[in-house]
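**Q** Protein chains in written order, with the UniProt record's numbering: chain A, 1 to 347; chain B, 1 to 347; chain C, 1 to 347; chain D, 1 to 347.
Since the hints were made in silico from the structure, they are not lab data.
Be careful, since some hints might not be right.
Any copy, or any two copies together, can satisfy a pair, since identical chains are not distinguished.
[As the list claims (entries may be wrong)] Pairs of lysine-lysine residues, derived as DSS-like cross-links and limited to a Cα-Cα distance of at most 30 Å, are as follows:
hint: 1; residue 1: Lys40; residue 2: Lys79
hint: 2; residue 1: Lys187; residue 2: Lys86
hint: 3; residue 1: Lys259; residue 2: Lys163
hint: 4; residue 1: Lys40; residue 2: Lys270
Residues per chain, in single letters:
There are 4 protein chains.
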Amino acid sequence: MLNVGIVGASGYAGGELLRLLLRHPHVQLRCAFSGTYAGKLLGEAFPGLSRYTELRFADMDEGLLTSCDVVFLAQENGKAMHLAPKLLAAGCRVIDISADFRFRDTETYLQWYGQPHACPEWNREAVYGLPELYRAQIEKARLVGNPGCYPTAAILALAPLLKANLVDPSSILVDAKSGASGAGRSKFGLDYHFSELNENVSAYKIAGTHRHTPEIEAVLADVAGLPQLRISFTPHLIPMTRGILATCYAQLRSPQTTKALQELYIEFYKEAPFVVVFTDRLPSTKGTYGSNDCHIGLAVDDRTNRVTVVSAIDNLVKGAAGQAIQNMNLMCHFEETAGLDSGGLWP
Amino acid sequence: MLNVGIVGASGYAGGELLRLLLRHPHVQLRCAFSGTYAGKLLGEAFPGLSRYTELRFADMDEGLLTSCDVVFLAQENGKAMHLAPKLLAAGCRVIDISADFRFRDTETYLQWYGQPHACPEWNREAVYGLPELYRAQIEKARLVGNPGCYPTAAILALAPLLKANLVDPSSILVDAKSGASGAGRSKFGLDYHFSELNENVSAYKIAGTHRHTPEIEAVLADVAGLPQLRISFTPHLIPMTRGILATCYAQLRSPQTTKALQELYIEFYKEAPFVVVFTDRLPSTKGTYGSNDCHIGLAVDDRTNRVTVVSAIDNLVKGAAGQAIQNMNLMCHFEETAGLDSGGLWP
Amino acid sequence: MLNVGIVGASGYAGGELLRLLLRHPHVQLRCAFSGTYAGKLLGEAFPGLSRYTELRFADMDEGLLTSCDVVFLAQENGKAMHLAPKLLAAGCRVIDISADFRFRDTETYLQWYGQPHACPEWNREAVYGLPELYRAQIEKARLVGNPGCYPTAAILALAPLLKANLVDPSSILVDAKSGASGAGRSKFGLDYHFSELNENVSAYKIAGTHRHTPEIEAVLADVAGLPQLRISFTPHLIPMTRGILATCYAQLRSPQTTKALQELYIEFYKEAPFVVVFTDRLPSTKGTYGSNDCHIGLAVDDRTNRVTVVSAIDNLVKGAAGQAIQNMNLMCHFEETAGLDSGGLWP
Amino acid sequence: MLNVGIVGASGYAGGELLRLLLRHPHVQLRCAFSGTYAGKLLGEAFPGLSRYTELRFADMDEGLLTSCDVVFLAQENGKAMHLAPKLLAAGCRVIDISADFRFRDTETYLQWYGQPHACPEWNREAVYGLPELYRAQIEKARLVGNPGCYPTAAILALAPLLKANLVDPSSILVDAKSGASGAGRSKFGLDYHFSELNENVSAYKIAGTHRHTPEIEAVLADVAGLPQLRISFTPHLIPMTRGILATCYAQLRSPQTTKALQELYIEFYKEAPFVVVFTDRLPSTKGTYGSNDCHIGLAVDDRTNRVTVVSAIDNLVKGAAGQAIQNMNLMCHFEETAGLDSGGLWP
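Chain A with its partners taken away, still in its complex shape:
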């Protein structure tokens, strides 16, 4: 059994790590650190875990942490880059769910996250943890930067088109809709107050100002083999708890049929156990509720020669904790789907 530890275990990504790791066949949960809940039972933060474990949250204990084989970091941005080097030096494998190790280019990190990167040398070694694109690198990685939730949905929706050079990269537009849990548990802004978000939808950080923009751009540029790429990305907050739907648009370089593109996607994802390409209907977020799946659908509009690709994920699973475990499975040479074999709840 692999010993694993979690830092930032009482947030929403932490809670999903706990829920999934407690059932993982090859893993033993050794410690769950949380400043807020230290000393309390896991079930006090996550009532659904009440009967599954007697474990308690604890205050950070670096000694205990470095004795783990794999450590998941699920803290706010700017923390992992200080903690990870110690863990790596002690021989732990590290999967960071924050943004700290997502950018190969630390200039971009500085520009968008407002602070210089604390360990550029480790950052150079980090692998972007999107297994559908970087499986081989992840299998050999010691340090993985787990992708953002929006980038996961957007990149999986667009990568096949860019890889095949079928669309004009400058025409790409991602209009994404997210449930409230993406903002995390401790964010108590009025925007997430039930009374204000229920029966309400809004766009936020429009016109290229959301931090996930450069993350999507960097990975898509890499996929397309371009030095740089600029997209329009608009996040929306909608009145639901879980789920991201990314509606992506691009101008086709030449006419294509919907069927041909569906086949391209099926081929592209044939080795990806969690990606399902729908050919007879469109995805909805509920189809991925609680699971690590990504559902994709698409259609070509002949009138405008544009393609619309829609992808759906559970932002806390494939967009965070589930993907982190998928990365762990690859890093530790377990079956890629180990501990992630549950389908989405319906309804």
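Chain A is fixed; fit chains B, C and D onto it per the hints.
**A** Frame of chain A; chains B, C and D shown alone:
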């Protein structure tokens, strides 16, 4: 007092007509026809009206209807074009909330609604009931085709840019999010079952297949002075009851600042009592809940030279019943805001 | 025109006061005080008011406030009892939406609200602002303690039975369900975080520990002509924004028919413009959405000789701001329904 | 591996059976019958299962069905009593999720379900499938009547009090709140239309008219050792998809402390793996979301000498499919929690 009648009074648009007209200072509600609820009190279909009226729904009575000064038609598509000619011949003014009189080009109607237009001669005289663009014509109209809900939000968001020739018309993309009430009251498909729509979001009729596409295109082409225009339009169903948020994108012909475009919008809508242009934040649908207002916000992305415009309406008010009453006010030379003077509920 | 001022104007009750008073035919809004939003336009706190007023929130100005004819106090508990005496001394009429003037017995206030009452002499003069029971006293009052939201729903549901001495007072049980807005706007506990409240329902402060318990008991005892009365009251938080449904139970002293009790209720409320007694169906909160109405339904269970009475209100209107305006109307001898003539939105 | 079949597999209980059985360690799903979806992939009815199985729904095939070791019947009431005898005669074990085998007294079935029981002889042998009360009988049963969702929540909340003879049975009152999925998938009444249920709560079938009333009464009478028992039961529909919260009230025969009763419950359920008794907080439905757990909390009100017990379950899991699998585990001598080892999702 003006005598008004409603056909299709027990649907959601009908209910909002009833709620608003019962308080209208210059109107007397003479009859409310509904096949489903004939004989029942208005309050049985709309509990909120229980103490406000003793009126009952009735089966259609053309004699009674032709005695009204103004008739609102709120039935499914394909009905109004048969009924309206009789009402118009009898001297009634008619405001049709269905799609029957929205297209000057009956070929487009045939193509998208699957049946030839039954009275092309009256259709030629009909005015598209978007007062912010066609106020003068509406004031003289006998027959108004009330705009669709999505077109209202999309056109108000994009008209100023096209009028000023600031964007490439072929680059326009509308990604719209709607609450469930847009589908009407009698649509009992599984998609609108609470259990399936709650905690769920999906796109539908993507890639230029939704019937509101040609409606938006025709009006925007008219605004732009172009013979034709093609947009990408994607509707989404989100887990809320009321409200449409239209996120609209277009490529700028030349660089613009956010501030300059905000001023353009403020100037464009300076005579429009229901349109509010936000300069310091973005609109959300809740801000228009239950009111006839349209809230608009925008920003320019210098990185891509694209502008994003977001508009919010209550789909049942500005997107249907409220706009119909606004049209009646103009046709009857009442104050444009008569009976529509209530702000949106918050929260 | 009556000059009115509001203290605590940026909370949810404050917002509804603003929305309703801005349309009130006999009222001019003179000032709206808010510490949080001082200097900002009303529309910044309540987007739905954006186009209806240029007024700004201000910091408290007692001089300006005492120049008002009527002042609404919508602050947290414990504030009004310090401010009201000054306003009353200056000749203002005061309607307090907090709990400060709801209890004739200041001992009860001390016991449940944890502080001694600051002005017992004014409290003696205060009238409990439930017009359906205390209309005559309210018409002569200078100071009104506006009822709590749960008490409004519960008392209206039970008063006819107690007045007629038909039920055993010791058997009364109130199981109430409330939307999140009842907790106010600035309460940012995790319980009101969208992600935690959506798809969730829970009871809180069960077994006689909620502060509205003694309020309901005191008024019901007064109605029943008893020195004291003990009920079971259980509040629940459900995933919606507005609305309270109170399901009330009592043991009948002797067998009764549903029909006889419905007639008793109709008779009891025949002078009450806002109370509707349903005889053919049960009330739901949506039927009162945004309105000052209270909908009541009931049925007798012969098997247990118990009666179940269900009442529905909008907690922010009949449960707070609307009822406060109804009280103002009575105090100022306006029509009781002035400014409150809008039916509930459906859907 | 056990061969299992499902009849009525495309409804919500059927969907949860599929989701859970596809992961069950000792089970092989042999057939899933559905009239509506015959010929379609399971993933077409339940998108969350898309990547987990290639199985298709089929039209009923009694030959195939009788070859199964265990059959789950998840059809509407009145079907199972015709089909079960054939399956039992062929040696299958049968777990019926409808009401057909829940009543030992077929008179009660006739009275509340409006038809005579078709196989009273098999009904005599059926066991009520609530393992926390009838584990020993279930282990030997060939035919189990799976409890209703409301009865599961209510009986688990009240059984310890009645068993210990601590409360007056005639004082029992159950006020239950359910999400919409309890009504099933094909029920397309207006009440379940998203637009009408969202932002709405209502009581229905009040005053002893809901069919779950006699089911709760019969089992509680059995627990209390009484020939008969009458309760008040009020179901409510609230705007969420999954979950039942049952708030139960009873008059204590003698004073009790909250702590003493908590200990009684903990002792009562010490062998019940799915029941968690909370001593430091109250349960909420979200804590059981997607799991087979039942969470219980309680408190005594000294003022009224009443106890309030609150229980929470997922109506589709512990209230239907999960409990059916728990029954199968017992009938087949698997571990009671096999295939049911997943904690509830949070948030």
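**Q** Hint by hint, say whether it matches the structure.
**A** Structure-based check of all given hints:
{"no.": "1", "hint": "Lys40 x Lys79", "in the structure": "within (23 Å within a copy, 36 Å between copies)"}
{"no.": "2", "hint": "Lys187 x Lys86", "in the structure": "within (29 Å within a copy, 40 Å between copies)"}
{"no.": "3", "hint": "Lys259 x Lys163", "in the structure": "within (18 Å within a copy, 38 Å between copies)"}
{"no.": "4", "hint": "Lys40 x Lys270", "in the structure": "between (44 Å within a copy, 22 Å between copies)"}
This entry satisfies every hint, going by the numbered hints stated previously.
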